[in-house]
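We have chain A already, so just place chain B on it with the hints.
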Amino acid sequence: MSLELATRALERAVAAGAHSGDAVLVEDESTEVRVRDNAIDHVTQARERCLGLRLFVATEGGLRQAITSTSDLAGDAVDRLAQDTVALARATAADPNAGLPDSGFALDFPELELFDPADADIDVDRHVGDARAAEAAARAVDPRIVNSEGSSSDSQLTRVAYANTAGFAGDYQRAGHSLVSSPIAAENGEMQTDYWFAVARRRSELESPESVGRRAAERALAQLGGKRIATCEVPVIFDPPTARGILGNLAACVSGYAVYRQSSFLAEKLGERIASDAVTIIDDGRLPGGLGSKPFDGEGLPTGRKTVVENGILRSFLLDHYSARKLGLASTGNASRSAGSAPGVAPTNLWIEPGAQSLDELVQTMGRGLLVTKLFGHGFNPVTGDFSRGAAGVWIENGEAVHPVEEITVAGNLADMLADIDAVGNDLLWMGSVAAPSLRVSRMTVAGE
Amino acid sequence: MTQPDNNRAAALFQERFGIDERALDAALGTTLERQVDHADLFFEYTTQDSVALEEGIVKSGDRHLTQGVGVRAQSGERQGYAHADDIDLESVQLAATTARAIADAGGGETAVSTRGGPAVPSHDLYPIALAPTDVPIEEKVALLDAIDRYARALDPHVSQVMASVVSQNRHLMIAASDGTWVSDVQPLIRLNVSVIVESGGRRENGYQGMGGRMELSGVLTADGWHPLVDEAVRLALVNLEAVPCPAGTMDVVLGPGWPGVLLHEAVGHGLEGDFNRKKTSVFSDRIGERVAAPGVTVVDDGTIPGRRGSLNVDDEGTKTQRTVLIEDGILRGYMQDRLNARLMGQAPTGNGRRESYAHLPMPRMTNTFMLAGQDDPEEILHSVRNGLYAVSFGGGQVDITNGKFVFQCTEAYRIEDGQVTAPVRGATLIGNGPDVLTRVSRIGNDLEMDWGVGTCGKDGQGVPVGVGQPTLRIDQITVGGTEG
Numbered sequence: 001m002s003l004e005l006a007t008r009a010l011e012r013a014v015a016a017g018a019h020s021g022d023a024v025l026v027e028d029e030s031t032e033v034r035v036r037d038n039a040i041d042h043v044t045q046a047r048e049r050c051l052g053l054r055l056f057v058a059t060e061g062g063l064r065q066a067i068t069s070t071s072d073l074a075g076d077a078v079d080r081l082a083q084d085t086v087a088l089a090r091a092t093a094a095d096p097n098a099g100l101p102d103s104g105f106a107l108d109f110p111e112l113e114l115f116d117p118a119d120a121d122i123d124v125d126r127h128v129g130d131a132r133a134a135e136a137a138a139r140a141v142d143p144r145i146v147n148s149e150g151s152s153s154d155s156q157l158t159r160v161a162y163a164n165t166a167g168f169a170g171d172y173q174r175a176g177h178s179l180v181s182s183p184i185a186a187e188n189g190e191m192q193t194d195y196w197f198a199v200a201r202r203r204s205e206l207e208s209p210e211s212v213g214r215r216a217a218e219r220a221l222a223q224l225g226g227k228r229i230a231t232c233e234v235p236v237i238f239d240p241p242t243a244r245g246i247l248g249n250l251a252a253c254v255s256g257y258a259v260y261r262q263s264s265f266l267a268e269k270l271g272e273r274i275a276s277d278a279v280t281i282i283d284d285g286r287l288p289g290g291l292g293s294k295p296f297d298g299e300g301l302p303t304g305r306k307t308v309v310e311n312g313i314l315r316s317f318l319l320d321h322y323s324a325r326k327l328g329l330a331s332t333g334n335a336s337r338s339a340g341s342a343p344g345v346a347p348t349n350l351w352i353e354p355g356a357q358s359l360d361e362l363v364q365t366m367g368r369g370l371l372v373t374k375l376f377g378h379g380f381n382p383v384t385g386d387f388s389r390g391a392a393g394v395w396i397e398n399g400e401a402v403h404p405v406e407e408i409t410v411a412g413n414l415a416d417m418l419a420d421i422d423a424v425g426n427d428l429l430w431m432g433s434v435a436a437p438s439l440r441v442s443r444m445t446v447a448g449e
Numbered sequence: 001m002t003q004p005d006n007n008r009a010a011a012l013f014q015e016r017f018g019i020d021e022r023a024l025d026a027a028l029g030t031t032l033e034r035q036v037d038h039a040d041l042f043f044e045y046t047t048q049d050s051v052a053l054e055e056g057i058v059k060s061g062d063r064h065l066t067q068g069v070g071v072r073a074q075s076g077e078r079q080g081y082a083h084a085d086d087i088d089l090e091s092v093q094l095a096a097t098t099a100r101a102i103a104d105a106g107g108g109e110t111a112v113s114t115r116g117g118p119a120v121p122s123h124d125l126y127p128i129a130l131a132p133t134d135v136p137i138e139e140k141v142a143l144l145d146a147i148d149r150y151a152r153a154l155d156p157h158v159s160q161v162m163a164s165v166v167s168q169n170r171h172l173m174i175a176a177s178d179g180t181w182v183s184d185v186q187p188l189i190r191l192n193v194s195v196i197v198e199s200g201g202r203r204e205n206g207y208q209g210m211g212g213r214m215e216l217s218g219v220l221t222a223d224g225w226h227p228l229v230d231e232a233v234r235l236a237l238v239n240l241e242a243v244p245c246p247a248g249t250m251d252v253v254l255g256p257g258w259p260g261v262l263l264h265e266a267v268g269h270g271l272e273g274d275f276n277r278k279k280t281s282v283f284s285d286r287i288g289e290r291v292a293a294p295g296v297t298v299v300d301d302g303t304i305p306g307r308r309g310s311l312n313v314d315d316e317g318t319k320t321q322r323t324v325l326i327e328d329g330i331l332r333g334y335m336q337d338r339l340n341a342r343l344m345g346q347a348p349t350g351n352g353r354r355e356s357y358a359h360l361p362m363p364r365m366t367n368t369f370m371l372a373g374q375d376d377p378e379e380i381l382h383s384v385r386n387g388l389y390a391v392s393f394g395g396g397q398v399d400i401t402n403g404k405f406v407f408q409c410t411e412a413y414r415i416e417d418g419q420v421t422a423p424v425r426g427a428t429l430i431g432n433g434p435d436v437l438t439r440v441s442r443i444g445n446d447l448e449m450d451w452g453v454g455t456c457g458k459d460g461q462g463v464p465v466g467v468g469q470p471t472l473r474i475d476q477i478t479v480g481g482t483e484g
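Protein chains in written order, with my numbering: chain A, 1 to 449; chain B, 1 to 484.
Bound conformation, chain A alone:
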C-alpha cells in the first residue's frame, strides 16, 4: 500500500516532466504517557503519514533538484505535488553532481530485529504502569528525592517505504520504546535534577522501569552539595552519556557535507592520525536490534559496517551519494532521509570500541582530576574544532571521589582532545544510535572560580 503510493507518485512525476527522482513514505503510530508522582500528567496518541518527493529535471549542464513533502494524501493531492515539485526544480540551478545512484542498490534484506510482534499489544495502561514504576523507584531511593519533572513511557511503530526511478523499491518496519525518569533531589534549599533513559527496539530489551528510576535518582542525588573549583588544567573523564555527546560532535565533522564544504576541521585528514591509538570508531547500519539499523539507507543503498577511525587513523568519512560524488568517493550507505526534509548524511549505529578498564579503574588511575557526568550548552565549532561546554561532575583526588562539582566549563580543541585520549573504558552504553564508553582525556582546561 505504502510502496504503491510512493511508486504512483513517481509515475506522476515522470508524466509531469521529471527526469528521475525518489519517494519516501513514512507512517508513524505512537503513544506517550507521562506520570508525575502517582498522577498522570498527560497521555498523547498519534498517527501520521507523510510523503516526501525528490525530483530531478534534466537541463543543459546537469540536473536540477527540488524536494517536497506533504501529509495531504487525499484525492489528487499527490498528482498536484508531483507537478509542483517539477515546477520548483525548474527554478533551481543545474548541478553536475546531482542525481540518484544508478546502481548498487540493496539486494538482501537481512532480519535486523527492529520490532517485536508481541509489542503490538502494549496499551496505555501498560505505559502508565511502567511510568509509575519508574517514578516510584526514583522516589524510593532516598527521602531527599522530593519532586520530579515526571517519568515517561512511550512506544512508536514506524513503517518506511522507499522507491526510486532507478528501479529500487523496498520497505521495512521499526519500533522504538523508551522510558525516561527525571527526579529532583533537594537538601538545604538546594535542588538538583538529572535524568536517565532507556531506549530499545523491543520492549523486552528495555531496561526495567525500576532501574531507570533508581539510576536517575542516584544521578540527581550525586549532584547535591556541588561546589565550584578553581580554574585548572587537569585530566578529565567523560562518563558514557557525556562521551556519546562528544562522539556526536565528531560525527558532524566526518559527514561528507561538512567535508566538501570545508566546514570541518577534519576535511583534509583522511588517512591521517586524528586521535590517540586507543580510539577506534565503527559505524554499522546492520547491528541486530540497533537503534540506527536499517536494511537500506535513504537512497536505497545497502547499509553496512565501516571503520571510521582505526587506532586513531581516520579511515572513512560518512557519505551519501551526492557528498561522495563531490569528493570522488563511493557512498558509505549513510544517506538519511525523513519524509519532511532534504536528504543528508547521518551515522547509522556509531560507536567507540570499548577498552579494557572499568570507569572505577579509570578514576583510580587518574590521580587528581574531574569526572564529567553532565554537559550542557552547544559550545562546539566544527570548522575549528573549538570545544567549550558547561559541565558538572565529581572532583577526584588520589583516585577517589571528593565532592560534586558544578558551574564549570571544560574547554579544549577536539583535535587535541582526541589526541589526548589516554584510556577508553569497557562500559560502552547504548542510549541511542550513537554510543560511547567512558573516555579519559589527559589534559583539558576547567574554568571555575
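No incorrect hints appear here.
For lysine to any residue, the following SDA-like pairs were computed, each having C-alpha atoms within a straight-line distance of at most 25 Å:
(1) 269(A) x 282(A)
(2) 59(B) x 80(A)
(3) 458(B) x 248(A)
Now the stretches of chain A that chain B is said to cover, found in silico as 3 or more residues with beta-carbon under 8 Å:
(4) 37-49
(5) 63-69
(6) 373-386
(7) 403-411
(8) 442-449
Simulated from the structure, these hints should not be mistaken for lab results.
Here a beta-carbon is modelled for each residue, glycine too, at the ideal position from N, C-alpha and C.
Below, chain B without anything else, positioned relative to chain A:
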C-alpha cells in the same frame, strides 16, 4: 492598522476540510460527554518553502505542507491529547474520543457556549498583502545569487558562501469548550547567510540571520539584505584574528540585542508557569521578592508588530500581551498557558504555545527583553579594568532546577585596562540564573532587539522567539576558555 482577512484561516478549514461550527460542536461535545475541565481543538495548515545556495548555485528548492488537528481534554492536572494529520470529520471525532478517554475524572465546563462564528484576533501585528510563500521562487533564487556575488566581492578571503531563504505561512484555528473560536494566519520569514573565510591556512566561519513576521519584500531589496551579509563577513574576519580565550572568573560586558538570550536562559525559562506550579524552578514561590539588581526590568511582550516572537493569539486562542516579569529587580509575574494559570489561580498571559498540531501547548516565551537604563555604553566598557566584552552568542541552555545556564560566544573581545583589545575564540559563559541578575552593575541606554533569528527549545518543541537587551555590565561571571 487594518483588519485584513484573518478569517482566511477559518474559511480554509471550512472550505477545504469541511470543518464548520457543527463539526466543532460535535467534536467538543464528544470530549465533554465525560466531565472535563477544558477541551480544545487545534487545526493547523502550514506551508513552508526554502531555497538554499552553496558553491555559487541554488542547488535545491524545498516545499513542505504540514496539516493536522490536535484534540485535547483536561481534567485537573491531567491532559489527554490525540492528533492526526488527516483533517476530516472522522479523524477529529476519533481524536476527540481518544483524548477524553484518558482525562475523564474532572468537573467544570459541561456545555459549549454560543459561538456566533469564528473571531478575528483583536490586534493584527503582522498585516501583509502578499504571503511570503506566494512570492515566486525565482525571486528568492535571484536574491541568493545576488547575496553570493556581493559576499565574495566584499573580501578576497571569503572562500564559501551559504545562504538560504525560508518562507512560512501558518494557518491555525482554535475552538474550545469555553466558547473560544478564533483563527489566525501567521507569516514568518528568515534569511540566513554563512561564510567561510581562509587566510594563511586558517579557516573561520561567520553567520548572521534575520527575519520576522513580515512580507518578503523588505529583505528582497539591497538595503534590506546588505547589512546581513556585511555582518556575516565581518564576524568571520574578526574570528580569523581571534586568540584563545582566557578561563576564569571576570567582569563581563554584554553587547545589546541578541545577548539578551542570557535573560531568556538565565531567568526566562525559570518564570514559565509549569515549572513554578510544579515547584521545580529556582524561582518558585518568589513573587514579590528581589531577584535582580535595582534597575533591572524584564518583560515578555508578544505584541510587538512584525517580530519573530509576536503572535496575535497564542496557540490556545488567548490574546497575547505585555507581561512584566521583573520590575526594578522585584519578581512580579510568571508566563502562563491556560492549564497552569487555572491550577495556580492566575490569569493566562497569552504564552500557551506549541510547535505544531502534533504537540501539547506549554508556557513559552514570546519576545523577552530587558528595558534600557541610563548608562552610556562606551562608558560601561571603560568601567571594566580587565574582563570580557561579549558581543554575540551562538545559543544557550539552562537547567531550570538549579538555575545553571551556559552560552557560547561567537564574537567576544578581551577588555584590558578599560579598552577593548583582541578578539577571542571559543568563549563560553556559565553562571547561575538567580545569581547573575543580582550582579548586573550597569545598564546601558541602548536597548536593541535581536535580528529575528531565535528558536527556543523546550521538551523537544521548537518555537520562534525574540530577545533583546541594552549593553550590560555583569560583575564576576565564569568564562570558559582554554588559557588558564
